[in-house]
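Enquirer: Spelled out from the first residue to the last, the chains are:
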Amino acid sequence: MALRAALRIKSALPGLLSQLSSSSSHGRVCASSVFVSQQRKNSTTPKIAVDFDQSTGVAVMRMKSPPVNSLSLDFLTEFCISVEKLEMDKSCRGLIITSSLPNVFSAGLDIMEMYGKSPEHCGEFWKAVQEMWLKLYNSNMVTIAAINGSSPAGGCLMSITCDYRIMVDNPRYRIGLNETQLGIVAPFWFKDTMSNTVGHRTTEMALALGLLYNPAEALKVGLVDQIVPEDKLMTTAEQTMAKWLAIPDHARQITKSMMRKPTLDKLVSKREADIQNFVGFITKDSIQKYLRGYLEMLKKRKA
Amino acid sequence: MALRAALRIKSALPGLLSQLSSSSSHGRVCASSVFVSQQRKNSTTPKIAVDFDQSTGVAVMRMKSPPVNSLSLDFLTEFCISVEKLEMDKSCRGLIITSSLPNVFSAGLDIMEMYGKSPEHCGEFWKAVQEMWLKLYNSNMVTIAAINGSSPAGGCLMSITCDYRIMVDNPRYRIGLNETQLGIVAPFWFKDTMSNTVGHRTTEMALALGLLYNPAEALKVGLVDQIVPEDKLMTTAEQTMAKWLAIPDHARQITKSMMRKPTLDKLVSKREADIQNFVGFITKDSIQKYLRGYLEMLKKRKA
Amino acid sequence: MALRAALRIKSALPGLLSQLSSSSSHGRVCASSVFVSQQRKNSTTPKIAVDFDQSTGVAVMRMKSPPVNSLSLDFLTEFCISVEKLEMDKSCRGLIITSSLPNVFSAGLDIMEMYGKSPEHCGEFWKAVQEMWLKLYNSNMVTIAAINGSSPAGGCLMSITCDYRIMVDNPRYRIGLNETQLGIVAPFWFKDTMSNTVGHRTTEMALALGLLYNPAEALKVGLVDQIVPEDKLMTTAEQTMAKWLAIPDHARQITKSMMRKPTLDKLVSKREADIQNFVGFITKDSIQKYLRGYLEMLKKRKA
Numbered sequence: 019m020a021l022r023a024a025l026r027i028k029s030a031l032p033g034l035l036s037q038l039s040s041s042s043s044h045g046r047v048c049a050s051s052v053f054v055s056q057q058r059k060n061s062t063t064p065k066i067a068v069d070f071d072q073s074t075g076v077a078v079m080r081m082k083s084p085p086v087n088s089l090s091l092d093f094l095t096e097f098c099i100s101v102e103k104l105e106m107d108k109s110c111r112g113l114i115i116t117s118s119l120p121n122v123f124s125a126g127l128d129i130m131e132m133y134g135k136s137p138e139h140c141g142e143f144w145k146a147v148q149e150m151w152l153k154l155y156n157s158n159m160v161t162i163a164a165i166n167g168s169s170p171a172g173g174c175l176m177s178i179t180c181d182y183r184i185m186v187d188n189p190r191y192r193i194g195l196n197e198t199q200l201g202i203v204a205p206f207w208f209k210d211t212m213s214n215t216v217g218h219r220t221t222e223m224a225l226a227l228g229l230l231y232n233p234a235e236a237l238k239v240g241l242v243d244q245i246v247p248e249d250k251l252m253t254t255a256e257q258t259m260a261k262w263l264a265i266p267d268h269a270r271q272i273t274k275s276m277m278r279k280p281t282l283d284k285l286v287s288k289r290e291a292d293i294q295n296f297v298g299f300i301t302k303d304s305i306q307k308y309l310r311g312y313l314e315m316l317k318k319r320k321a
Numbered sequence: 019m020a021l022r023a024a025l026r027i028k029s030a031l032p033g034l035l036s037q038l039s040s041s042s043s044h045g046r047v048c049a050s051s052v053f054v055s056q057q058r059k060n061s062t063t064p065k066i067a068v069d070f071d072q073s074t075g076v077a078v079m080r081m082k083s084p085p086v087n088s089l090s091l092d093f094l095t096e097f098c099i100s101v102e103k104l105e106m107d108k109s110c111r112g113l114i115i116t117s118s119l120p121n122v123f124s125a126g127l128d129i130m131e132m133y134g135k136s137p138e139h140c141g142e143f144w145k146a147v148q149e150m151w152l153k154l155y156n157s158n159m160v161t162i163a164a165i166n167g168s169s170p171a172g173g174c175l176m177s178i179t180c181d182y183r184i185m186v187d188n189p190r191y192r193i194g195l196n197e198t199q200l201g202i203v204a205p206f207w208f209k210d211t212m213s214n215t216v217g218h219r220t221t222e223m224a225l226a227l228g229l230l231y232n233p234a235e236a237l238k239v240g241l242v243d244q245i246v247p248e249d250k251l252m253t254t255a256e257q258t259m260a261k262w263l264a265i266p267d268h269a270r271q272i273t274k275s276m277m278r279k280p281t282l283d284k285l286v287s288k289r290e291a292d293i294q295n296f297v298g299f300i301t302k303d304s305i306q307k308y309l310r311g312y313l314e315m316l317k318k319r320k321a
Numbered sequence: 019m020a021l022r023a024a025l026r027i028k029s030a031l032p033g034l035l036s037q038l039s040s041s042s043s044h045g046r047v048c049a050s051s052v053f054v055s056q057q058r059k060n061s062t063t064p065k066i067a068v069d070f071d072q073s074t075g076v077a078v079m080r081m082k083s084p085p086v087n088s089l090s091l092d093f094l095t096e097f098c099i100s101v102e103k104l105e106m107d108k109s110c111r112g113l114i115i116t117s118s119l120p121n122v123f124s125a126g127l128d129i130m131e132m133y134g135k136s137p138e139h140c141g142e143f144w145k146a147v148q149e150m151w152l153k154l155y156n157s158n159m160v161t162i163a164a165i166n167g168s169s170p171a172g173g174c175l176m177s178i179t180c181d182y183r184i185m186v187d188n189p190r191y192r193i194g195l196n197e198t199q200l201g202i203v204a205p206f207w208f209k210d211t212m213s214n215t216v217g218h219r220t221t222e223m224a225l226a227l228g229l230l231y232n233p234a235e236a237l238k239v240g241l242v243d244q245i246v247p248e249d250k251l252m253t254t255a256e257q258t259m260a261k262w263l264a265i266p267d268h269a270r271q272i273t274k275s276m277m278r279k280p281t282l283d284k285l286v287s288k289r290e291a292d293i294q295n296f297v298g299f300i301t302k303d304s305i306q307k308y309l310r311g312y313l314e315m316l317k318k319r320k321a
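Protein chains in written order, with my numbering: chain A, 19 to 321; chain B, 19 to 321; chain C, 19 to 321.
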C-alpha cells in the first residue's frame, strides 16, 4: 500500500516528475503521504472540509485527501454529496473550491481505480467522474476554483467547470489536461469544457500533446482567469465572489444555463455510451499494459 | 413624462450611473433630454437621419432620438424601415451607423416598453427587436458601427451585428451586454452574436456579470475592432468601408451568409417560441417587481 | 502556354502582385518558370519528392511543381497518392510538408482548372481538392507544415489541415484564404478549418476581405504557430515533430479524431452537393467573365 500511495502521487502527476524528484519539499510530501495514506485506509476521516458562512452565503470546500487529492471513487462520492448538500441549501449562493494540501490542488483521477480493476468497477468509477462534472458544470451556485497547487488532468477538469479560476503564481505549479502523456484520452466532455474555456485550436494542441501549463502560460491561453501570490489567494477569491454575487441570482443562473446547456445535454444524452466507451478502452490489454509499464517505470525511478 | 424620460436615460445605462451623476456634461444631457422627450411625444420628428451618397454607394444612418437613442417600439419600427429601404436599393452597398447625440450611441432597449405593459405589447416590442437583429445580421450591405458614445445592452447588440466596429476612444464610454445587472437576461441570439464576436469564454463571463467595457478593454477582448479619436471616427469609417467595398459584392455576400446563416436560422426557426419566452419572463411579477424596485431606486437617486 | 504559365503565377497570387512586380528575384522566378512550365507539359517529372526516414518514422514531402506549386488536378492526384502511401505504411508516424521552390509554399488552386473548362472537368477537379483536404485533415500521422514561402488560398488550406504550422519569418511572404479577392468563395469546409484554427470572428473578417497576412500577423491571429528564420525551418520542424511523436500514437490519434470528426463528417455527408454547388458557381457566365476580366488585367499588366 505504501508503494501504491507513492505511485499514486507520481502516476497522477507525470508531467511533474522531474520537479517532484528535484524538490526536497515535494520529497517530504511524498514521504509523509505514505503514512497518511496508510492511516487513511482504515479511517473514516472526511476527504473534504466544508465551511459555510451564512452571513455571506459562501461555502469554502477544502480538499484534504493526502497525498495529492486524487479523485478516487471514495473522494468523488464524498465530493458530490458535499456539493449536492450546498446546492440544495438555498442560502448558499457561492462555492470556493481549494486544497488543504501543500503544492497540489488535485492530481486528478486516481489511476489505481482504473488499473487491474473489473469492468464493473471501472464503470462505477467513471459514472462518479461524470457525476462530479455534471454537478459542477451545472451548478446554480457561483463556483470559483482557488488553485493553490498543481492541477493536472481531472484536477484541471474540476477547475474548468467553475465560473472563475484564480491560480497561485508559483512557477512550479502546473495545470492542464495531460491525459495523452499517460496513454489515455480525455473524453468529449472534458474536451468540450476545455474548448468552451480556451477555444478549439488551443484545446486541440493542448489535448494532443497533453500540455501542462505553468500559471503564467495558463493565464495567457485563458485556462485560468487570474494569477495571484499565494497569500492573496483567498481574499482575491472572496472579493471576486462578492462581485459575482452582486448580480441577481435568477439572471446569472439563466445566463449560465444558456451558455452551458448544449454541452451538458451532450453528456446527459450519451452518458451510458460514454461509460461503455471508457470501460472498453481502459480494460483493453494494450491500455492496461501501458499503465503497468508506466507504473513499473515509476517504481524503478523511485528505487 | 419628464420623470420617465429621465429614468429612461438612467435605466438604460445602469453601469454608467456613477459617471452620469459625476459628469456635468452628462448632467446637461439629462436635463435637456426631458424637454426633448416631452416635445417628441406629440411630434413626428424622425428618429433617424439617413444620408445616402450615390457616388460612393454608402449610406450613413444617424440615430437622433433624444435623450439616449433608446430602442423603443417606434424607434425600432423606423429603424427597420430605413434599413429595408437601403437594402432594396441596389446602388446602396454600404451602411455606416452612428449617433447624432453626444456621449451615447444607443442606450439599448427602452425599459418603459417592458415595464407595466400588457403581454401583447411586450410581444410586439420583442418582435421588433428580433426584426432589427435579423435585418442587420443578415444584411447584404457592408455594415459598420461608428460608435461615438456609450452602447450598453441593445446598443451593443446593434453594434455586434455589423461587419466592423470602430469606437471613439473616450475612456468614459462603455459597451457591453449588461442585461443581468438589471435582473433581465440576454436571449440566445444576443449570446450567439456575442460569442461569434468574442468567443465562448469571454461571452460567458461578460453575460454572467453584465460587463461593460471601456473602449480599450473592448478592443482587447475583440468586442470592437478599432478605437480612434473622436475627430477621426467618420473618416476612419469611410476608409474602412472603401476597403470592404473593394471586394466583389457577390463573393463577400456569399461568405457573410455562410458565416452567419446557422446563427440566423436558429432564431428564424424559434422566433415565436422566443417571443413567448420573453413575454413569459418579463411579465412575471418577480421580474416586474425587480424593474419597479430598480426604477424607484433611480428616482430616489435623482431626488 | 508561356502566357498561361505566367498568368498562373500571378492569378494564383493576386495579393502579392505588387511585390512580384517590384522584386527582381521574383521576376526571375517568373521568367524561368515559363520554360519550366513548357518543359513540364510533356514530362512525367514528379511534382512532389518524398523522403522517408525509417529511423525517425518521419517523411518529408517537398512540393516541386514550378513555377508556384499550383494545385492542378495532376498535382493533387500525385499529392493524394503520396499521402495515401505514407498513411498505409505503419512505420511512418509523421509528415512534414514543405516546398522546394523559392519564395512560394503553394499558390493554391490552379485557376486554369476552373476557367473555360467543362462542368465535368470542374467537378473532377473539385473532387480532388476535397480529397486532399480529407486526407490531410483526417491523417493519423502528425502533420507539420513547414511554410517556406507565400501560401495563399489552397496553399493556406493545406497548411491549416496540419497539426502544426511553422512559417519562415520573411516579411514578403503571405498566407491567407484570399478567395474573395478573386471573386470566388471559400466553401464551408475551408471556413470550418479556418474557424477551428483562428476562431469565428477572425475567420469572418479574413474570408470577407480575402486577407493575406505576413508571418508576424499570421502568428498574432494564430494562423501559424511559430515563425523562424529560413535556415532554422527544417530543424525546428524536426524538433517539433519529435515532441509530438513522444506522445503515444493511439492516444494522440483518438484525440485528433475527436477534435476533427464533426468537421470531417460535415463534408463527407455533403460531398456530392458541395461539388454540384462549386460547379454551378464556377461555370456561371458571370463568374467566368469575372475570371476572364481578371486574367486579361494581368495580361495587360504584364505587357
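Worth double-checking, as some hints may not be accurate.
Identical copies carry no separate label here, and so any pair may be met within one copy or between two of them.
[To be verified] Below, in silico cross-link-like pairs of lysine-lysine (DSSO-like), each with a Cα-Cα straight-line distance of 27 Å or less:
#1 Lys261 / Lys318
#2 Lys288 / Lys250
#3 Lys320 / Lys250
#4 Lys153 / Lys209
#5 Lys302 / Lys317
#6 Lys317 / Lys288
#7 Lys103 / Lys135
#8 Lys288 / Lys261
#9 Lys317 / Lys261
#10 Lys238 / Lys145
#11 Lys318 / Lys284
#12 Lys153 / Lys317
#13 Lys103 / Lys318
#14 Lys82 / Lys279
#15 Lys317 / Lys279
#16 Lys320 / Lys261
#17 Lys302 / Lys279
#18 Lys284 / Lys320
#19 Lys238 / Lys250
#20 Lys284 / Lys65
#21 Lys307 / Lys135
#22 Lys307 / Lys317
#23 Lys108 / Lys307
#24 Lys250 / Lys135
#25 Lys318 / Lys153
Calculated directly from the structure, the hints in this document are not laboratory data.
Enquirer: For each hint, tell me whether it holds in the structure or not.
Expert: So, going through the hints one by one against the coordinates:
Taking the closest pair of Cα atoms, Lys261 and Lys318 come within 27 Å of each other only across two copies (24 Å); inside a single copy the shortest separation is 50 Å, beyond that limit. With identical chains, the CA atoms of Lys288 and Lys250 are never at most 27 Å apart, being 41 Å at best within one copy and 47 Å at best between copies. In the homo-oligomer, the alpha carbons of Lys320 and Lys250 never lie at most 27 Å apart, since the shortest distance is 35 Å inside one protomer and 39 Å across protomers. Both within a single protomer and between protomers do Lys153 and Lys209 lie at most 27 Å apart by alpha-carbon distance, with minima of 17 Å and 23 Å respectively.
Within a single copy, Lys302 and Lys317 get their C-alpha atoms as close as 22 Å, which meets the 27 Å cut-off; across copies the closest is 63 Å, which misses it. For a Cα distance limit of 27 Å, the shortest separation of Lys317 from Lys288 qualifies neither inside one copy, at 37 Å, nor across copies, at 52 Å. Taking identical chains as interchangeable, the C-alpha atoms of Lys103 and Lys135 are never at most 27 Å apart, the minima being 30 Å within one chain and 40 Å between chains. Taking the shortest Cα distances, Lys288 and Lys261 never come within 27 Å of each other, neither inside one copy (36 Å) nor across copies (34 Å).
Taking identical chains as interchangeable, the C-alpha atoms of Lys317 and Lys261 lie at most 27 Å apart only when they sit on different chains, with a minimum of 25 Å there against 47 Å within one chain. Taking the shortest Cα distances, Lys238 and Lys145 never come within 27 Å of each other, neither inside one copy (33 Å) nor across copies (40 Å). For a Cα distance limit of 27 Å, the shortest separation of Lys318 from Lys284 qualifies neither inside one copy, at 42 Å, nor across copies, at 48 Å. Within a single copy, Lys153 and Lys317 get their C-alpha atoms no closer than 36 Å, and across copies no closer than 42 Å, so neither meets the 27 Å cut-off.
In the homo-oligomer, the alpha carbons of Lys103 and Lys318 never lie at most 27 Å apart, since the shortest distance is 43 Å inside one protomer and 40 Å across protomers. For a Cα distance limit of 27 Å, the shortest separation of Lys82 from Lys279 qualifies neither inside one copy, at 31 Å, nor across copies, at 40 Å. Taking CA atoms no more than 27 Å apart as the test, Lys317 paired with Lys279 passes in neither setting, with 43 Å inside one copy and 38 Å between copies. Proximity of Lys320 to Lys261 under the C-alpha cut-off of 27 Å is restricted to the inter-copy arrangement: shortest distance 25 Å between copies versus 46 Å within a copy.
Taking the closest pair of Cα atoms, Lys302 and Lys279 come within 27 Å of each other only across two copies (23 Å); inside a single copy the shortest separation is 33 Å, beyond that limit. Taking identical chains as interchangeable, the C-alpha atoms of Lys284 and Lys320 are never at most 27 Å apart, the minima being 42 Å within one chain and 49 Å between chains. In this assembly of identical chains, Lys238 and Lys250 lie within 27 Å of each other by CA distance both inside one copy and across copies; the values are 20 Å within and 26 Å between. Proximity of Lys284 to Lys65 under the C-alpha cut-off of 27 Å is found in neither arrangement, the shortest distances being 30 Å within a copy and 45 Å between copies.
When the C-alpha separation of Lys307 and Lys135 is checked against a cutoff of 27 Å, the pair qualifies only within one copy, where the shortest distance is 13 Å, while the shortest distance between copies is 57 Å. For the homomeric pair Lys307 and Lys317, the shortest alpha-carbon distance inside one copy (15 Å) is at most 27 Å, but the shortest distance between copies (65 Å) is not. In this homomeric assembly, Lys108 and Lys307 come within 27 Å of each other (Cα to Cα) only across copies, at 21 Å, whereas the closest approach inside a single copy is 48 Å. Proximity of Lys250 to Lys135 under the C-alpha cut-off of 27 Å is found in neither arrangement, the shortest distances being 42 Å within a copy and 48 Å between copies.
Neither within a single protomer nor between protomers do Lys318 and Lys153 lie at most 27 Å apart by alpha-carbon distance, with minima of 39 Å and 42 Å respectively.
Comparing the model with each earlier hint shows violations of hints 2, 3, 6, 7, 8, 10, 11, 12, 13, 14, 15, 18, 20, 24 and 25; every other hint is respected.
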